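Q: Given only the sequences and the hints, what does the whole structure look like? Please build it.
Single-letter residue listing:
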Amino acid sequence: MNPSPSLRPPSSRFAGRGQGEGILGTMHHLGGWCLQRSLSPWKRLGWRFALPICANLGLFRKKWLWLESIHGICCVQEQVHTAYHFTGLVGACLLAATLCCVADDQIRVYTVPKELPPTQLSPFPAQMAAGSQDIPFNAATVHWTLPAGWKENSPTPPRLASLAITGEKGGQAEVAITSFQGSVGTELINVNRWRGELSLEPVESSNVASVPVTVDSSEGKLYDIAGKSARTVVAEIPRNGSSWFIKLRGDNATVAAAKPAFLEFLKSVHFGGEDGATAGADPHAGLGLQGAPAAPSPASDGPKWNVPPQWVETPPRAMVFKGFEVAGEAGAKADISISFFPGDVGGVLANVNRWRGQMAQPPIDAGQLDGVTESVATLGGSGTMVDFMGTDAKTSQPARLVGVIVPHGENTWFYKLMGDAKVVKGQKDSFVQFVKTVQYP
Amino acid sequence: MIDRFINFFTSLRLTVACLAFALVLVFVGTLAQVQIGLYAAQSEYFRSFFVYWTPPGTHWKIPFLPGGWLIGLVLLVNLLAAHIKRFHLSRKKIGIILIHAGLILLLGGQFLTEVFQVESQMRIEVGDTKNYSESPRKNELVVIDTTDPDKDKVVAIPESLLAKGGEIRTPDLPFALRVEKYFPNAAPAGPMTGEAVKIKSADGIGSRLMFSPQPVTRSMDSVDLPAALVQVVSEKGPIGEWVVSATLTRFPINLQLQESIENLMPDVKVTAPQTFKFNGRTYEIALRQERYYNPYSVKLLKFTHELYPGTDVPKDFASTIHLTDPTTGDDRDIRIYMNSPLRYHGATFYQASFEQGDKVSILQVVRNPASLTPYIACSLVALGLVVQFLMHLFAFARKRAQQTKSLPAKSARPAPALQPALAHGKGRSL
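Chains as they are written, first to last, in our numbering: chain Z, 27 to 467; chain C, -13 to 416.
Treat the hints as calculated values from the structure; they're not laboratory data.
It cannot be assumed that every hint is accurate.
Said to hold, decoys possible - Derived lysine to any residue pairs resembling SDA-like cross-links, with alpha carbons at most 25 Å apart:
hint: 1; chain 1: Z; residue 1: Lys140; chain 2: C; residue 2: Gln350
hint: 2; chain 1: Z; residue 1: Lys140; chain 2: C; residue 2: Thr313
hint: 3; chain 1: Z; residue 1: Lys348; chain 2: C; residue 2: Leu241
hint: 4; chain 1: C; residue 1: Lys47; chain 2: C; residue 2: Arg33
hint: 5; chain 1: C; residue 1: Lys186; chain 2: Z; residue 2: Arg221
hint: 6; chain 1: C; residue 1: Lys186; chain 2: Z; residue 2: Gly369
hint: 7; chain 1: C; residue 1: Lys71; chain 2: C; residue 2: Ala3
hint: 8; chain 1: C; residue 1: Lys139; chain 2: Z; residue 2: Pro139
hint: 9; chain 1: C; residue 1: Lys139; chain 2: Z; residue 2: Arg221
hint: 10; chain 1: Z; residue 1: Lys140; chain 2: C; residue 2: Asp316
hint: 11; chain 1: Z; residue 1: Lys140; chain 2: C; residue 2: Arg194
hint: 12; chain 1: Z; residue 1: Lys140; chain 2: C; residue 2: Val141
hint: 13; chain 1: C; residue 1: Lys137; chain 2: Z; residue 2: Glu223
hint: 14; chain 1: Z; residue 1: Lys420; chain 2: C; residue 2: Ser198
hint: 15; chain 1: C; residue 1: Lys167; chain 2: Z; residue 2: Arg134
hint: 16; chain 1: C; residue 1: Lys186; chain 2: Z; residue 2: Gln384
hint: 17; chain 1: C; residue 1: Lys263; chain 2: Z; residue 2: Glu223
hint: 18; chain 1: Z; residue 1: Lys348; chain 2: C; residue 2: Leu159
hint: 19; chain 1: C; residue 1: Lys150; chain 2: Z; residue 2: Asp131
Keep in mind it's a predicted model, so treat the numbers as computed, not measured.
A: See the structure below:
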């Protein structure tokens, strides 16, 4: 470093303008001079690092005069002139990188419009509108008397009927009949869906208004929702596990004029067949619609068994397929739990030791396994049974555990009878009999 | 001292060393993809400052190669420093300056892309409307105030904060979130899944379904599904604890899980939101894919997927969408198909994928503020090369003309073709 700094102007890129000429040159010299006079070496060093960073980040872009005087401060020596840009560059890079890293960790807070379930976005779930094969809507027959002036159109799925009404001044309205299995959402979801079609805000359940209506001797509800330009009058009739919707929708004037005829029309509607879904008389069989399929019964897929009469089913628990409880004398009781998992879930030893853990018993090793287990022949194949005393690790009460592990097909089934020793003793025979006679799917 | 520092960063040797390292890095990084997969190789070799080697059986991390970011950064600094040191604004060097400006812009633009580019996906069903896209890999813990009937207030906490554990406090929530456990990748677990650590909560779905940690995925095809046990604590004490997991929110994994537990736990609904009430307000808590909301919405009108006749080879994927932007009044139909993305308000929507049945289209949404820099940079380099070449050509031609004029009689002597070029090439350039 130059030990005797002078006012020697650096051969900077401003040299071309003529050294010391003009206001920029003056500021340049003045800045260097101020620095030599007023700042300690440490402060000078600080300025040299801090200012170029700011300058490179463009913080002083419009204040050229100031920047120029700072430039003078920083380039009192030729070497520092390069260092000025250089440190600024590295500093700006590091600062940018740090900012980015910090920005990535920020908690964001924002407000979004409520996300509507798909049924509320469109009149029908997306796949229904597109006529998918696995739609749970009914292809049922329905009969009616066509009011004067209404015109019957060929219905598009999922509509079972489509009737067009032309009002005065060319206003349009449509009556559509649809039928779906089950309840098709709650009343609130349905009403808000209809409101959505009319560009109305959704409402709370307390604000849903309806009047009772009877169609083909089934009780239902009639909703009348008016929007700014359009209006919907819809009758919802639950019947034999299906939901029927008869909807009149169109511009306000046409719907208002057609409403009396619509109410008369509702009286004339007769649903075909007793179950509301007679596939035999399906006029829309060619539309690729599916008749009402039988609801899959979980029992038909699961195992079949005969539950002993003393066993009382318990509410569902984590990872337990079925649970039962047996009460003994003086509040004593035992639990029966049945669960199954894919694969061998660790093998017999690991599961026996898991059960031993539940009974506060030390684990055993593979050599000891044969001594504590016995084989049980079940309808699902050979099972492994254990029976031991111990202490229930949860309640710290003395307890007994009888467990059977039955590998069947791809799954392993676990049957466990655990609880008060007396109750377990009394139930063991019926428990083992139960396990032996389970019919697997 | 400063001299040596400056000389080091402005030297041509550093440039050569960087380029050599880059060569080795590309080679080693390409080979590494065989072992660790594309995604992990990209992040370990190219999106890092150092490449580490862990000796087998230890937890040490020994850096053995500079990473892609370090090489890029040093190259950029080298280029800029050399320019600053030797910079002379002269007409003769305009070509060189243009070329180097292009290179600097290319490197800087790539750095900006790395840092600021956000890639996300929009999975959209025919007839559905969406105003957000989701990150394919990043997750966030969200606490949503759902009390308002019209809108939801979302507090989104990035997974990186969740991974740090401890207590998360923000003025936007009247309670704190205590991260009791966090697994970067987890799977639903049965009670018999060996000796594994499991998380189970007192409230919500976690009371029925447990999660155990899984090794972090390295493959490009699979994603990590983090899970965490989060306790919500007010000043008066705990409000409850919930297990949150990306397995519960990520489509279609959540539906697959639902199907697999249907027999075992018919009453458990995987996709049902986990909610709680505090001070009369209702909150929902979930760990989901990071979402990026747009001020505009996109409705998928139609998705088509055409094959070449008589083959299974795809010919064309196209999504016809309807774009609605209340802020600009835009309201139009657009067709997005392969190589013809929609560019709108800084985001680019590409046709990326679809699901079986042609009912669901997946659009890749890329937001890159530096997307134009490669084009500008390449144009600058090309312009610089042309200028430099033409300047040499003109100088050469002029000199040649002068020589032939001054030496009309001495036709025996050949023209010194290389001399002008050498004269101009004196200035050292990087």
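Q: Hints first: check each against the structure and report whether it holds.
A: Quick rundown of the hints versus the structure:
1. Z:Lys140 / C:Gln350: Roughly 24 Å separates the two Cα atoms, so the pair holds.
2. Z:Lys140 / C:Thr313: holds (19 Å)
3. Z:Lys348 / C:Leu241: Distance of about 23 Å is within 25 Å: holds.
4. C:Lys47 / C:Arg33: Roughly 17 Å between the alpha carbons, so the hint for lysine 47 (chain C) and arginine 33 (chain C) holds.
5. C:Lys186 / Z:Arg221: Not satisfied, since the Cα-Cα distance of roughly 41 Å exceeds 25 Å.
6. C:Lys186 / Z:Gly369: Holds, at about 23 Å.
7. C:Lys71 / C:Ala3: It holds: about 20 Å lies between the C-alpha atoms, which stays within 25 Å.
8. C:Lys139 / Z:Pro139: holds (9 Å)
9. C:Lys139 / Z:Arg221: Holds. Lysine 139 (chain C) to arginine 221 (chain Z) sits at ~24 Å (cutoff 25 Å).
10. Z:Lys140 / C:Asp316: holds (22 Å)
11. Z:Lys140 / C:Arg194: Answer violated: lysine 140 (chain Z) to arginine 194 (chain C) is near 28 Å, above 25 Å.
12. Z:Lys140 / C:Val141: holds (14 Å)
13. C:Lys137 / Z:Glu223: With Cα atoms ~19 Å apart, lysine 137 (chain C) and glutamate 223 (chain Z) stay inside 25 Å; holds.
14. Z:Lys420 / C:Ser198: holds (22 Å)
15. C:Lys167 / Z:Arg134: Roughly 22 Å separates the two Cα atoms, so the pair holds.
16. C:Lys186 / Z:Gln384: This hinted pair holds, its Cα atoms lying about 17 Å apart.
17. C:Lys263 / Z:Glu223: Given pair lysine 263 (chain C), glutamate 223 (chain Z) is violated - Cα atoms ~31 Å apart, limit 25 Å.
18. Z:Lys348 / C:Leu159: The given pair, whose Cα atoms are some 40 Å apart, is violated under the 25 Å limit.
19. C:Lys150 / Z:Asp131: Measuring from Cα to Cα gives roughly 11 Å; hence the hint holds.
Going through the hint list in order, the structure does not satisfy hints 5, 11, 17 and 18.
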